[in-house]
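Engineer: Residues per chain are reported as follows:
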Amino acid sequence: MRFLRLVLRSFLRSKRRTVLTVLSITVSVALVAILQSILATLNAFANNPDASNRIVVRHKVSITNLLPMRHADWLRQQPEVDSVMGLQWFQGVYIDRSNFFPNFASEAEYVTSIFKEEIVDYSDAQYREFLRDRNGALVGKALADKYGWKLGDVISLKSELFPITVRLTIRCIFRSKRPADELALHFNYKLLEEGVFYMKGRVGTFFVRVHRAEDVPKLIERIDRHFHDAVEPTHSETENAFQLEFLKMMGNYSAIIQMITGAVLVAILIVTANTMAMAIRERTTEISVLRAIGFRTSQILGLLMGEGILLSVLGGGAGLGIAWLLAGMVRSYVGTFLPYLQNFHIDPGTMSLCFHATLAVGALSTFIPAYRAARRPIVDGLRGL
Amino acid sequence: MSDGPIIRLRGIAKSYYRETLEIPVLQGIDLDIPAGGYYALMGPSGSGKTTLLNLIAGIDRPTGGELEVCGHVLNDLDDDELAAWRSAYVGFIFQNYNLVPVLTAFENVELPLLLTPLSRRERREKVEEALLHVGLTDRMENYPRQLSGGQEQRVAVARAIVSGPELLVADEPTGALDHQNAEEIMALMEGLNRDLGKTIVMVTHDPKAARHARHQIHLEKGVLDRTIEVNR
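Order-wise, the sequence lines are chains A and B. Using the working numbering, the first residue of the first sequence is number 1040, and each one after it goes up by one. Using the working numbering, the first residue of the second sequence is number 102, and each one after it goes up by one.
Everything labelled a hint here was simulated from the structure, so no lab data went into it. A virtual CB, placed ideally from N, CA and C, is assigned to each residue, including glycine. Among the hints, erroneous ones may be present.
[Claimed, not checked] Rough simulated footprint, nothing fancy, chain A against chain B, three-plus residues with beta-carbon under 8 Å: (1) 153-163; (2) 172-185; (3) 194-203; (4) 209-215.
With these hints in hand, go ahead and build the complete structure from the sequences.
Structural biologist: Have a look at this one:
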């Protein structure tokens, strides 16, 4: 502790340079934290433990090809199966495209049995109203709050995929464990069948819930084998794999994020190394004087490393603080367009990763110039005047 | 004041190497300096006086010979032992003062004490005592840029004596000062030798400064030429 003052005074020797370097680290760390959190959030979305006993069945050719509703009859006969629901991504627009939220045409009577973990709290009376009303809508509490919807309100959704606008009455409002799951809307599939002629008896996907998660692999294999020679063959996968495929439509986001993270870290390393090299070089004589009066090589190394680490820790801490603030903004604004980011936050793992990466940058960038300065012959340093 | 040699050099040689070319700087130096002595090292540029001072101060190593200072054979010490030895036995005064610009006068003087186990209060007492000795107690919170050259050198002297070393080494201590300040620094060093019994070895070009020493050692082309006792 008795050397702390020396470290702090040296750290603030060139205030402008120190502030600029800290700022550059701050911005870089904030960027890394946001990017890594996006990656963690997307990965978590595709690794939902609640979805472990759900299978998504779609057309073998692509998600845009339709399956006949009659496939559900065979699926429901399988002993492992708990529940089966036809579900169609509707892509309905509420007033304006910016009001994005996931909305689905679903077989209403199966919604709560398929999404047991997502639709956890609702009134039975409201749910019966939803089933009774062909134009009824089941919405999450967060979504209802967002638009100020109350039971009985009528809303319109204009589909961007189908030539139809549905008028829906809010009949049931549910609560979930995850905020993102409260942003969904389900309405009765029959509305879509009646409004779009080619959707009669057809659907984009089946969500299949099995009794035991360990039965999922063999059931997936059996479903696809059974429909292999059908006119509409199937491609079955876990719900998480299905979500991951959606994410992959954005490209290999993981590799892109890791590459950007790596580039940013190298940039911080270079900036910090340059700052520390300059700071140490201009103190060559001073360091030799300290050694002449008795400071050991290890003590000099410790003082200089302390400065470098202080520089990076301050920048890293500020960067994480800014990232934390930005996370709220990402949730509020970007999450509206990208439902994957509605749970966006800087998790402790990312905090720890950024903190340790910053520490490593501080130590790495300082060690070489500090070691060279601490090992330089004293007389050479004094002659450096 | 003891009469035994505090500095004992036998056959000291020092060479520098420029690639494979050996450049001898000092050759066969035998020298005894008694405790409490005040010696001025003199000679033309390139005669090896600063190199000899650096060897005595333990900040450079000889390429030959034996070097015993303050009861320790410096040849036997590794880098860390040598640092600890310097901290305990040697005070440095440089031509350009070499104060740390981001520390106050007080903090600069305190630097050598940070290497000791002294408490904060004990350190403060010693620093104030050293600054009192050089007449700068009223400037202890000033930074070097707020001091004149003479005052900076006084702070450097206080830093050199604060930990109570037996030996003071000074490399052109008046080289950057005007006549009046140079005289004041010389008077201060004379007092340290006379009143506190510090052994002083000083490199200087300036005959006036050298007259403050008790002995003058003249070097010529890396060889000890003569030692003269100064009559005052």
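Engineer: The structure should be examined with respect to each hint, and the outcome stated for every one.
Structural biologist: Hint check results:
Proximity of the stretch 153-163 of chain B to chain A, defined as three or more residues with a beta carbon under 8 Å from a beta carbon of that chain, is established by the 4 residues found. Requiring three or more residues with a Cβ within less than 8 Å of a Cβ of chain A, the coverage given for the stretch 172-185 of chain B holds, as 4 such residues are present. Given a C-beta distance limit of less than 8 Å, the hint that chain A covers the stretch 194-203 of chain B holds, as 6 residues qualify and 3 suffice. Coverage of a stretch by a chain is defined here by at least three residues with a beta carbon nearer than 8 Å to that chain's beta carbons; for the stretch 209-215 of chain B and chain A the count is 3, and the condition holds.
Every hint, counting from the list given before, is met by this structure.
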